[in-house]
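**Student:** Here is how the chains run, residue by residue.
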Amino acid sequence: MTIRDRLWMTFRHLQVSLIGSILVILAIAIGVALAAATTAFIIQYNQQSEELLNHPIYREVYVEALGDPRTETELQLPVVEMEGNLKDAKLLSVTDLPLVLQSVPGLTHAYIAEGIKFRSTSYLMESGLGEAAVKGIAAMRETRAAAAAKSGVDPENPKATGEVMGGTKGGALGGAPGGAMGGETGAFVLDLKDVTEIPVDEFFGIFATPDFFTAYTLNAASGSLFTEEDLKAGNQVMILGSNLAETLFPDGNAIGSRISVNWQTFTILGILEPSDIVAPQNGYALNDFAFAPHFLFAGAAFGKNIRGQGLPTLRFAVEDSDDIQQAVIQLEEFLKQEYPNVNLRVTAAVDKLETERQKLSRILIVLIFLTAAGLFIAAINMFNLLLIRVIKQTKGIGVLRALGFTRDNVLQHFLFESFIMSLAGAVIGLAASPFLFRFLQSALVSGIEQGSSTFFLDLLLGAAIAFVFSIVFGLYPAYVARQTETSTALRAE
Amino acid sequence: MIELKGITKIYDLGHMQITALKGIDLEISRGEFITIMGPSGSGKSTLLHILGILDEADEGSYLLEKNDLTTLSDKELSRIRNQNFGFIFQSFNLFNEFNALENVMFPLIQAGIPRAERRERAMSLLTTVGLDNRVGHYPNMLSGGEQQRVAIARSLAMDPTFILADEPTGNLPSEQGAEILAMLDDLNKKGVTVIMVTHDDKLGERGTRAVRMIDGEIVKDFRRD
Ligand SMILES: Nc1ncnc2c1ncn2[C@@H]1O[C@H](COP(=O)(O)OP(=O)(O)O)[C@@H](O)[C@H]1O
Ligand SMILES: [Mg+2]
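From first to last, the protein sequence lines are chains X and V. Residues 1 to 493 (our numbering) make up the first sequence, in order. Residues 1 to 225 (our numbering) make up the second sequence, in order.
The hints are simulated quantities; they were obtained by calculation from the structure and are not laboratory data. Don't take each hint at face value.
One side of the interface only, derived from the structure: several residues of chain X facing chain V at Cβ under 8 Å [what the hints assert, rightly or not]:
#1 1
#2 5
#3 12
#4 13
#5 15
#6 16
#7 210
#8 214
#9 258
#10 345
#11 399
#12 405
#13 406
#14 407
#15 490
Keep in mind that this is a model prediction, so the values were computed, not measured. Cβ coordinates follow ideal geometry from the N, Cα and C atoms, glycine included.
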């Protein structure tokens, strides 16, 4: 009997209980789609989070202030240890960065990287935000002066004062903060000479220190990165991510140009090489960011703290991700010695990933159960349909035997039927699974890119699992058919 | 030629045993037209099933052309059924989802006859039974007599030595039944050995030999030459 004859017979039989057959095929399709998408998703996710472990973001360790242990209230800013009055305040400061590097041998990088949203100054003026901003800056300056007068501490060097509002906690690339304005003291002078008008209203940026670039292995594709000197001099310079450079300067003349954002003027110093780094929390690519020297280090501000103003999270990184936990312990010990009364939290970024992974793995377990249940239901359905069909066709089986079909032919015939249904279901399910995969991806994780190299292989693996599964359930009915007593079958009505 | 010796068939129902055949001895030669008669439940169908290797005896031996069938595999026995036996049933037993032509082709498909040839053969068989204008019709579009004619065409597909018919006219009005019987006569005249089971004594007057069964035993075996 040829395959063609077998197909012909099978399709005729499937037509007889068409709706049942279609339902079974659909059930298998759902099972296959789920199994394929889930398998692909799990494999890819595991692979990528394996890779992520070696990602610069996850070699990061950061220090945040938790709160004032004496008042039990959340002391966000500044991070300060105080005994008595503010004059004796001991502050966690930017000077701690090099100090920590010296004292904690495990850490190889120390930096600040603080997210900010840069808005084009002309956009700020047009949208009427300008006035409010100018007023806001003036008001803030007054408050600060008053506070300084009251506590007896000199107002800070105005040049270095940046107003940073809604600074991020967590990751440097985390959420884009609501908005920030750099302010100049004295008469508010906006220098818009030779400024290039940029074609976007806003973009994301990071105020950083040079070590940030080494920690994240970012290199200049053209121009240069900013240096310690730029940092200390408070130079208003900017490094652009590769995408952002193309967006802001479609003509490619970025280096040396000046742009005005957040009421400040920056000179473009360099453009980064393209990087595949993506913030895991929000999926923003580093290529879309701009980087400027962090204002806290400028001039006289260096080594001091700014009253009434947030101290950014201090960030450190290790060279080898295996050293992280060790480094966290060392850093905690160091900070406890230096700031025994300040409630500081040391976090390894990788722990967040771990928590994320655990959360996701619980979802995945549910997903696997769902898939298994879906497949099981599909298989039970097919099992049922085939068994009923075998029983209904008892007499037909007897006739086939009388016409010379062997027991094995009968088995093959019914097995072929379940094979065809499984195959049809698998094809439909496989076709649907990329959509389901994308849905899972967007529902469960962001920032995980769809690697295409193993994607179809993963899908096929999932489909194969489901396919074998449904075939196995077709075996028993086919076996029942095989074992049918011929003469009894012929007597059946 | 067929030789049955001491064929016994017992149905074990657990709480009781039914002996459907009690040591049947029967020799069937080529070219005979045997009618097996007897009341309902006397074991006629059971005997026919054993003759057609659709069922196995619990005791006794079966020689087909001097070959002992008891040692053969399912595959070999199926092949013998396909090549040497044609079956006709009381309720026709056509496949309802296949048309007349396709029904006739089934034994040919199983035998691995090439498409074109099987088609041609099925067509000519349906022409022989007078249904050449009904080849595309499905069983539910055909009268009982027509369905049985399709079944006869199907039974002849592989040019069998034996036709085994179990109450072939049982479900047919007498006129259509007569047509079927005439066809069987015709086949016998062309050299096919026909074994027909009936509970109707009148039909026993046909053929070359009449066998009467009662209670699983042959009580009369009459040849008219
Ligand atoms: N599958 C079976 N299980 C149990 N008893 C059966 C079975 N088939 C037939 N019989 C019994 O065997 C006897 C012979 O049946 P059968 O050969 O069909 O008789 P007939 O065809 O002469 O009417 C009857 O008593 C019947 O009830
Ligand atoms: Mg009977």
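**Student:** Under 8 Å is the threshold here; is the Cβ of residue 407 of chain X close enough to any Cβ of chain V for the hint to stand?
**Tutor:** With a minimum Cβ separation of about 5 Å from chain V (threshold 8 Å), the hint on residue 407 of chain X holds.
**Student:** For the hint on residue 258 of chain X, just tell me whether its beta-carbon gets within less than 8 Å of chain V.
**Tutor:** With Cβ-Cβ at 82 Å, over 8 Å, it is violated.
**Student:** Against chain V, run the beta carbon of residue 405 of chain X and see if the smallest gap drops under 8 Å.
**Tutor:** With a closest approach of 6 Å, the residue 405 of chain X hint holds.
**Student:** Hint validation: residue 490 of chain X versus chain V, beta carbon distance must be below 8 Å. Holds or violated?
**Tutor:** It holds, given that the least Cβ distance between residue 490 of chain X and chain V is near 7 Å, below 8 Å.
**Student:** Does residue 1 of chain X hold up as a contact with chain V if the rule is Cβ-Cβ below 8 Å?
**Tutor:** holds (6 Å)
**Student:** Double-check residue 15 of chain X for me: the hint is only fine if its C-beta lies closer than 8 Å to a C-beta in chain V.
**Tutor:** holds (7 Å)
**Student:** Hold the hint about residue 399 of chain X up to the distance rule: shortest CB distance to chain V must be less than 8 Å.
**Tutor:** The hint holds - residue 399 of chain X has a Cβ within 8 Å of chain V, the shortest such distance being about 5 Å.
**Student:** With a cut-off of 8 Å, does the beta carbon of residue 12 of chain X approach a beta carbon of chain V closely enough for the hint to hold?
**Tutor:** With Cβ-Cβ at 5 Å, under 8 Å, it holds.
**Student:** Quick one, is the residue 16 of chain X hint okay against chain V at 8 Å, beta carbons?
**Tutor:** holds (5 Å)
**Student:** Was the hint right that residue 5 of chain X lines chain V, CB cutoff 8 Å?
**Tutor:** Holds, because the Cβ-Cβ distance from residue 5 of chain X to chain V comes to roughly 5 Å (cut-off 8 Å).
**Student:** Any CB of chain V closer than 8 Å to the CB of residue 345 of chain X?
**Tutor:** violated (73 Å)
**Student:** Take the shortest C-beta to C-beta distance between residue 406 of chain X and chain V; is it under 8 Å?
**Tutor:** It holds, given that the least Cβ distance between residue 406 of chain X and chain V is near 4 Å, below 8 Å.
In this structure, the earlier hints numbered 7, 8, 9, 10 are contradicted, and the remaining ones agree with it.
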